[in-house]
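The sequence shown runs 2 to 190 under this note's numbering.
To be clear, the hints were calculated from the coordinates, so they are not data collected in a lab.
Careful: at least some of the hints might be erroneous.
What the hints assert, rightly or not - Straight-line distance between alpha carbons at most 25 Å, and here's what the computed PhoX-like set of lysine-lysine pairs gives:
no., residue 1, residue 2
1, Lys100, Lys15
2, Lys68, Lys100
3, Lys100, Lys67
4, Lys46, Lys68
5, Lys46, Lys100
Stated by the list, open to error - The following label-pair restraints were derived from C-beta to C-beta distances:
no., residue 1, residue 2, range
6, Gly63, Lys100, 50 to 56 Å
7, Glu134, Leu77, 27 to 33 Å
8, Leu77, His38, 47 to 53 Å
9, Gly139, Glu96, 35 to 41 Å
10, Arg75, Trp34, 18 to 24 Å
11, Arg155, Arg64, 29 to 35 Å
12, Leu77, Met171, 31 to 37 Å
From the three backbone atoms N, C-alpha and C, an ideal C-beta is built for every residue, glycine too.
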Amino acid sequence: MALEHAILVSLLEKPGSGYELARRFERSIGYFWTATHQQIYRVLKRMEADGWVDVREVPQQGRPDKKECSVSARGLSALGEWLHEPIQPESVRHELAVKIRGAAFDDPRALIGEVERHQRMHLGRLEHYLAGERRDFGRSDPGMPEGRTPDAGRELQHAVLRGGIAYERMMISWLDDVLATLRRLDRDR
Numbered sequence: 002m003a004l005e006h007a008i009l010v011s012l013l014e015k016p017g018s019g020y021e022l023a024r025r026f027e028r029s030i031g032y033f034w035t036a037t038h039q040q041i042y043r044v045l046k047r048m049e050a051d052g053w054v055d056v057r058e059v060p061q062q063g064r065p066d067k068k069e070c071s072v073s074a075r076g077l078s079a080l081g082e083w084l085h086e087p088i089q090p091e092s093v094r095h096e097l098a099v100k101i102r103g104a105a106f107d108d109p110r111a112l113i114g115e116v117e118r119h120q121r122m123h124l125g126r127l128e129h130y131l132a133g134e135r136r137d138f139g140r141s142d143p144g145m146p147e148g149r150t151p152d153a154g155r156e157l158q159h160a161v162l163r164g165g166i167a168y169e170r171m172m173i174s175w176l177d178d179v180l181a182t183l184r185r186l187d188r189d190r
């Protein structure tokens, strides 16, 4: 996947400026595809030159006008082509897993702090995801009129969020197991 596709999806969900797009990457889509502000601005400029996004000046009170980007017909076509391409099997590179295996050749106790740090990180991300789910997809969704169901975009956003929640829960469970194993090996030394 190229950054262009992640940007197209985000802009289809809601048009915005490069700054607003970068903020979205920090808050939501960035958990699945990361990019720096500079990368986003550089790719947006190329996408505009290629005709994938339309840019319009939006006047602002007391501030410089902002450039709001939206997906053009050409960009929508490019996204459609990409959506129909087969996905290559993912290559899993997981440095922590290699370190855990390597602990057999060193002091397993030395890795406990690092595994605990990862566990705290995943617990924090899980809580962030759960708070977002309560805020954005709870029963009392302020943006959803009574009796209406979410549109396809919201349903699919929620499906991705549920995948993130499941992943974090799996990682926390695995890290619990790793910590128990490391502590047992340390006791048995």
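Here is what the structure says about each hint:
With a C-alpha separation of about 41 Å, the suggested pairing of Lys100 with Lys15 is violated against the 25 Å cut-off. Distance restraint check for Lys68 and Lys100: the Cα-Cα separation of roughly 46 Å exceeds the 25 Å cut-off, and the hinted pair is therefore not satisfied. With a C-alpha separation of about 47 Å, the suggested pair Lys100 and Lys67 falls outside the 25 Å cut-off, and the hint is violated. Under the criterion of a C-alpha separation no larger than 25 Å, the hint pairing Lys46 with Lys68 is consistent with the structure, at around 11 Å.
A threshold of 25 Å between alpha carbons decides the hint, and for Lys46 with Lys100 the separation of about 40 Å lies outside it, so the pair is violated. A C-beta distance of roughly 52 Å is found between Gly63 and Lys100, which places it inside the suggested range of 50 to 56 Å. With their beta carbons about 29 Å apart, Glu134 and Leu77 fall inside the hinted range of 27 to 33 Å. A beta carbon spacing of about 25 Å between Leu77 and His38 contradicts the range 47 to 53 Å that was offered as a hint.
The hinted window of 35 to 41 Å between Gly139 and Glu96 holds, with their beta carbons roughly 36 Å apart. Between Arg75 and Trp34 the Cβ separation comes to about 22 Å, which falls inside the hinted range of 18 to 24 Å. Between Arg155 and Arg64 the beta carbons are some 31 Å apart, a value that agrees with the proposed interval 29 to 35 Å. Between Leu77 and Met171 the Cβ separation comes to about 34 Å, which falls inside the hinted range of 31 to 37 Å.
Checked against the numbered hints above, the structure breaks hints 1, 2, 3, 5, 8 and satisfies the rest.
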